[in-house]
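Participant: As a plain string of letters, each chain reads:
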Amino acid sequence: MAREKMQILICGGTSCSDKQSEIVSDNLKLELEANALENDVKVVRTGCFGLCNLGPIVKITPGDVIYTHVSPDDVREIVSEHIMKGQKVERLLYKDPSGKIKSSTEKELSVKKKQLRIVLRNCGVIDPENIEEAIANDAYEALGKVLTEMKPLDVIKIIKDSGLRGRGGGGFSTGLKWEIAYKNKADQKYVVCNADEGDPGAFMDRSVLEGDPHSVLEAMAICGYSIEATKGLIYIRAEYPLAIARLKKALEQAKEYGLLGKNIMGSGFDFDIEIRYGAGAFVCGEETALIHSMEGLRGEPTVKPPFPAESGFMGKPTNVNNVETFACISPIILKGAQWFASIGTEKSKGTKVFALAGKINNVGLIEVPMGTTLREVIFEIGGGIRNGKKFKAAQTGGPSGGCLAEKHLDTPIDFDNLTAAGSMMGSGGLIVMDEDDCMVSVAKFFLEFTVEESCGKCAPCRIGNKRLHELLEHITKGKGTLADLDRLKNMCHVIKDTSLCGLGQSSPNPVLSTLENFRGEYEDHVTIKKCPAGKCKELMEYFIIEANCVGCTACARICPVGAITGERREPHLINPSICIKCGACMEKCKFDAIIIQ
Amino acid sequence: METIKLTIDNKTVEVPKGTTINKAAKKLGIDIPVLCWMELHDLGIENKPAGCRICVVEIQGRRNLAPSCVTKCEEGMIVKTHTTRVLNARRTVMEFILSDHPKECLTCAKSGDCELQSMAHQLGIKELPGEEIAAMSTYRKDTSPSIIRDLDKCIMCRRCEMMCNTIQTVGALSAINRGFMAAVAPAFEQNLEHSTCTYCGQCVAVCPTGALTEVDHTPEILRVLADPTKTVIVQTAPAIRAALGEMFGMEPGTLVTGKMVTALRALGFDYVFDTDFAADLTIMEEGTELLDRLTRHLNGDKTARIPILTSCCPGWVNFFEEYFPDLKDVPSTSKSPQQMFGAIAKTYFADKIGVSRKDLVVVSVMPCLAKKYECQREEFSVDGNRDVDFSISTRELAAFIKLANLDLNNLEDSEFDAPLGESTGASVIFGTTGGVIEAAVRTAYEVYTGKKLERLDFTELRGFEGVRSATIDFNGLPLNIGIAHGLGNARKLLNDVRSGKSLFHAIEVMACPGGCIGGGGQPLHHGKSDILKARAAALYKEDKEKPLRKSHENPFIIKLYEEFLGKPNSEKAHQLLHTKYFDKKKKIIVKQ
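Quick mapping for you: the protein sequence lines, in order, are chains A and B.
Residue 1 is where the first sequence starts when you use our numbering, and the numbers rise one by one after that.
Residue 1001 is where the second sequence starts when you use our numbering, and the numbers rise one by one after that.
It should be emphasised that the hints constitute simulated quantities derived from the structure, not laboratory data.
Be aware that one or more of the hints could be misleading.
[Said to hold, decoys possible] Simulated pairs of lysine-lysine, DSS-like, Cα-Cα distance not exceeding 25 Å:
id, chain 1, residue 1, chain 2, residue 2
1, B, K1080, A, K489
2, A, K316, A, K335
3, A, K316, B, K1017
4, B, K1080, B, K1011
Values in this document were obtained by computation on a predicted structure and should not be read as measured data.
Okay, chain A solo, but in the shape it has when bound (with noise of 0.2 Å):
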């Protein structure tokens, strides 16, 4: 019987990639020629696995081993010992914040454990650049189905029933905006992918289109048979040069398959992508501004109706769908309305990916079924808060959303959960805080990018979020009063209220939800003057506490605003008014005699 054959996967993603996973690969496959073994070892640079912070990520099949950290450096031992004597690396193996428990496959990563991949399914299972891998996995089958056995009202009821809603923040219904813009008759409709991922430190769709694109380019063929369009267009940030990439050598290899363009697979139906570069604006993400761009205009929103899917790019009826959206399509038509609606909440199905980040242990790409909470998602796969320090907040939903607090932990994460809670889904960011945060700072930074990425087309949004970030500064620098809460509170509520788009229409919302869910730290700023956290620096004061102080000077000698004074071993004193609290003579207290109050 022939060996199975052993593959090495290394992650291609942007993550890995940055920490030289290319080299490793290039060095693995010299070594396996090296020892003659480049015919029975086959090696695979993948899409990401979701494990960004142990990147590069190493997977040798059969039998799951993932090595973590992986350095061009280890690239002789893993041969000699893995592929060659069938001995795990032990050093690269996987050990959790305790140290103490390794684990040596995918399957026993507490990380994967709870996960639910369909989004992310081929991500780190194929090589992303050649289409024989993807067609193996599936790919454009359901496309053929599509095309041969089904009408366009029939994809369309299938995806209504599927339960299926847009992933990239709206949760709108996919299958009713395929509807509508099939029932909106023309002589040419388009089909447009959003790739504008503008959330900070959300890179799920960015890491399909890396590690799966044909699902991308299968799903808008699906889409422009089942509403009638025969272009598509994929609207791109160019700060994605991997994505677009991967993107363009798919899109080639589809056309020389036949899988786009003319008469595909022989249906007579026509349907060609092309790719339209972004210039990173985060309005962009919207979709009438996107169309604005898309054509050439400055990126700002108007006003809805009409919908795109009446009157959208150039005029024509237009589908817009978000990267996520699209990558669940094919699953849906193969494995039928029924089985996705079997997975997630009552109103909200399938699974949705989130790009953890902040205080959390495992930080990294993962998708689970919609409905697992947040305290599965936090401290079951993403490992619990770094340091062992107490949990505080969870941002959902990008600056767009709001700051969950402990009281949210328990409550299963579907689309109107969030907004009930006063956040959204978004597109998937989820930035965990711990004690050390200041919710009054994190609301004024979420702000600082919302001020600094609207359009400026409305009133509202251009100088009331300038305002809010102002009023925040002014209370994180004990200037605030009682009253500026109401007003803060009054400018929040009437920008969501009269903004043009969803960006103003959101912006608010980190700012509502921590007055909401932390108004006590609110109102330590601005009653009795003091950041609980010891984040607002104006706010602190350094002290010296006599009884540990020795006397060394060494904080005296440091302080570069000589704001230190007293005598060689005599305890030393701190002056408040010359003290620009820069933390440097905390830093070089070896006695801990300097703490900040």
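We have chain A; now place chain B onto it with these hints.
Facilitator: Same frame as chain A, but now just chain B:
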């Protein structure tokens, strides 16, 4: 017509499908305040970015407030226009806008005529909470020969951008930067002077605040009026008399010709003349040129280009020099009436009164901001002395009159001075779209056919439609005439000329929608197209009431040719009354 029934503030109203909530509310007598939205209904101009969010209303069942200016009525809709929620939102948004606007009302050029100011008043804003910590978005001031841009006062209503791009297709202004620093500016943030701007002034005409204003030349005029060594004469364009009264509370369309003359005399001008005189002169020159080119063209002369295009509008001249320099031999070479007047005043008239050129100052009052630039063009001066020294707008004149403690309402009528104050009805209608070509037809017809024209009112050439055409029978020769007002409309006709598809013999172009009555220097219409219509009607009325209505019958024009110029298009006429055009296409040079 399909209609829709809805409820606004508990009252039911039925409107045609497609009507906006704002317009439906108007039917019920509910005036929802608007700020960025503006329309000139009869001219097909509408600005609706839905950006200011002042006109928001509450619609039952909708999560957010909706802008009433663009939200269309739907069957059964229940709308509330002044709930606590709406009023609070409207006020808060207004506070936002004002928080980023200089509090310089006392010294602002727009004070008293500012839409933001009156809206703040209407909404009862008496203080700005948090003003002390509110930063302002600032931008450098930009002064061009005609227009001052003070973007600190810009509220991003985008009206100027809409006029410049959609209506005028000039493309000099568009939104730049993002968020709080967003502004409307020329490409690459160049100064207006280095952009494709034609100085048509339509951006100024629609700007609700003091962000876009004209360069004020009254101080220079005050200085020369006070100088005993200078003889200062003034010429007033036809469109002034139909609009100036508005600045003194008179009904739009009130003709104030006589009162205006009295006022100008009271201001100290030594001679008060009429640009209409020069308009008659323009007809003589342009009409002759038309007939000459037409005759040569009909005789098979390939060098005679048809159609001929009018050239009295300086915004239009700037436009084709920028966008159609390849066609610069198509327009008539006749100078504009303003410049013809200056050329005659500083030669013929100066000689007549025995004043040297350098001691004679010619001031023009124009409905136009491009005229300020035009009189500064190098080719219109002799040894650095301009034919027309200064040009002020209708608005500047009104302010000037007020400065001299005069109330136009209480002034007696008086007559223009001779000889450059005499004019015919033909020249009066220069001030409205279609008027120049109608005046030209009256003269050209009689000259060409040798017959007396029976019918003087060519109503087929009148109206506000953007592009109009008519065929006039010149004794068996069907003369095809095209008219365009607004540069976007002109562009359409010009594209046809460029591609050789144009069937017109003569085309009149006015840069401003409505012609000079809607000029960038006129009293602000604030989106009321009825005002423009009333001004046009006033000019046709004055024409009708004039004893002489054909330019070639103006006795002083006849005398001018006899005494000074010889014949129309004579060598001397060419030297003084004709000009040439330049390729002014802007080139962007990227420094390596």
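Participant: All hints are to be evaluated individually against the structure, with a verdict given for each.
Facilitator: Taking the hints in turn, this is what the structure says about them:
A C-alpha spacing of about 23 Å is found between K1080 of chain B and K489 of chain A, which places the hinted pair at or below 25 Å, so the restraint holds. For the hint pairing K316 of chain A with K335 of chain A, the CA-to-CA distance comes to about 32 Å; that exceeds 25 Å, so the pair is violated. Our distance criterion of 25 Å between C-alpha atoms is met by K316 of chain A and K1017 of chain B, whose separation comes to about 22 Å. A C-alpha spacing of about 10 Å is found between K1080 of chain B and K1011 of chain B, which places the hinted pair at or below 25 Å, so the restraint holds.
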